[in-house]
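Enquirer: So you can see what is in the structure, the chains are spelled out below.
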Amino acid sequence: DAKTTQPPSMDCAEGRAANLPCNHSTISGNEYVYWYRQIHSQGPQYIIHGLKNNETNEMASLIITEDRKSSTLILPHATLRDTAVYYCIVKWWGGSEKLVFGKGTKLTVNP
Amino acid sequence: GAVVSQHPSRVICKSGTSVKIECRSLDFQATTMFWYRQFPKQSLMLMATSNEGSKATYEQGVEKDKFLINHASLTLSTLTVTSAHPEDSSFYICSARGGTGTVNTDTQYFGPGTRLTVL
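Respectively, the protein sequence lines represent chains A and B.
At position 31 of the first sequence (counting the first as 1) the number is 31 in our numbering, and the numbers step up by one without a gap.
At position 66 of the second sequence (counting the first as 1) the number is 66 in our numbering, and the numbers step up by one without a gap.
Treat the hints with caution; some may be incorrect.
[Said to hold, decoys possible] Heads up, simulated PhoX-like pairs for lysine-lysine below, C-alpha to C-alpha not over 25 Å straight-line:
id : chain 1 : residue 1 : chain 2 : residue 2
1  : A       : K103      : B       : K41
2  : A       : K3        : A       : K52
3  : A       : K103      : A       : K3
4  : A       : K3        : A       : K106
5  : A       : K98       : A       : K3
6  : A       : K69       : A       : K98
7  : A       : K98       : B       : K55
8  : A       : K3        : B       : K41
9  : A       : K69       : A       : K3
10 : A       : K98       : B       : K64
11 : A       : K52       : A       : K103
12 : B       : K66       : B       : K55
13 : B       : K41       : A       : K106
14 : B       : K66       : A       : K98
15 : B       : K55       : B       : K14
16 : B       : K41       : A       : K98
17 : B       : K41       : B       : K66
18 : B       : K55       : B       : K20
19 : B       : K66       : B       : K20
20 : B       : K14       : B       : K64
21 : A       : K69       : A       : K103
22 : B       : K14       : A       : K98
Hints are computed from structural coordinates only; laboratory data are not their basis.
Using the sequences and the hints, build the whole thing.
Expert: Below is the structure:
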């Protein structure tokens, strides 16, 4: 079973920041938080991952709370092409390498 | 970087036939590849984990004799659906664990998927 909880759906206006929350209250010390997204009928796309520090790359920012029990993925300027299902996944580095996909959040970016 | 391809992207076959799907890491070597299946309006379900040069590890409930996986090189894994039936119709997606040549060595990079329809 997925070890994360995400809202089933969210809406965002084009050009605005999209903030996608994720709860992972049972995360253990060696587990990373990974974010992927899946645009309709395509394979998932890696976005970002982190352990405890906030992370930023060309796609998004990841904010992890100090207790690591939740995180937020931020798309700073959402576009229509960001409409997708976003998955938050916790996973050990190395070791057990499985990605367990939950139901994710369906983000709809509106014009 | 970290591009994974799948071939074919779409296949339609008759019941009882076998179908082979290829998964390739184009710009990196992947010692570990994974095969997932996704039914309509559902999330991805891991079918098996494949390490180069060794037998695949199947998830509980996945028939290893029906879904044959071969990982003969560091850039190629194949999934063969043997004696396919309509209930095997699904979206099959592979991923490759980043290795030499990728920025994130423990991140899985996914292929675009293969839509299988069994008539």
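Enquirer: None of the hints should be skipped; say for each whether it holds.
Expert: Hints, verified against the model:
Distance check on the hinted pair: K103 (chain A) and K41 (chain B) sit about 9 Å apart at the alpha-carbon level, within 25 Å; holds. Taking the CA atoms of K3 (chain A) and K52 (chain A), the gap is about 17 Å. The hint holds against a cut of 25 Å. Taking the CA atoms of K103 (chain A) and K3 (chain A), the gap is near 11 Å; set against the 25 Å cutoff, the hint holds. For the suggested pair K3 (chain A) and K106 (chain A), the alpha carbons sit about 18 Å apart, so the restraint of at most 25 Å is met.
Pair hint K98 (chain A) plus K3 (chain A) holds up; C-alpha atoms about 12 Å apart against a cutoff of 25 Å. As the CA atoms of K69 (chain A) and K98 (chain A) are separated by approximately 20 Å, the hinted pair is consistent with the 25 Å bound. Taken as a hint, the K98 (chain A) and K55 (chain B) pair is honoured in the structure, with Cα atoms around 17 Å apart against an allowance of 25 Å. Straight-line distance between C-alpha atoms of K3 (chain A) and K41 (chain B) comes to about 20 Å, which keeps the hinted pair within the 25 Å bound.
A hinted pair counts as satisfied when its Cα atoms are at most 25 Å apart, and K69 (chain A) with K3 (chain A) qualifies at roughly 11 Å. With a CA separation close to 18 Å, the supplied pair K98 (chain A) and K64 (chain B) stays within the 25 Å bound. Proposed proximity of K52 (chain A) and K103 (chain A) is supported: the alpha carbons are some 24 Å apart, at most 25 Å. Of the pairs offered as hints, the one joining K66 (chain B) and K55 (chain B) holds, with about 14 Å between alpha carbons and a cut-off of 25 Å not exceeded.
Under the criterion of a C-alpha separation no larger than 25 Å, the hint pairing K41 (chain B) with K106 (chain A) is consistent with the structure, at around 11 Å. Proximity of K66 (chain B) to K98 (chain A) is assessed by CA-CA distance (about 22 Å); at most 25 Å being required, the pair is judged to hold. Between the alpha carbons of K55 (chain B) and K14 (chain B) the distance comes to roughly 28 Å, so the proposed pair goes past 25 Å and is violated. Straight-line distance between C-alpha atoms of K41 (chain B) and K98 (chain A) comes to about 21 Å, which keeps the hinted pair within the 25 Å bound.
The suggested pairing of K41 (chain B) with K66 (chain B) holds, with an alpha-carbon distance near 24 Å, which does not exceed 25 Å. Among the hinted pairs, K55 (chain B) with K20 (chain B) is consistent with the structure: their alpha-carbon atoms are about 17 Å apart, no more than 25 Å. As the CA atoms of K66 (chain B) and K20 (chain B) are separated by approximately 12 Å, the hinted pair is consistent with the 25 Å bound. A C-alpha spacing of about 21 Å is found between K14 (chain B) and K64 (chain B), which places the hinted pair at or below 25 Å, so the restraint holds.
For the proposed pair K69 (chain A) and K103 (chain A), the alpha carbon gap of about 19 Å is at most 25 Å, so the pair holds. Of the pairs offered as hints, the one joining K14 (chain B) and K98 (chain A) is violated, with about 32 Å between alpha carbons and a cut-off of 25 Å exceeded.
Hint compliance for this structure: hints 15 and 22 are broken, all remaining hints hold.
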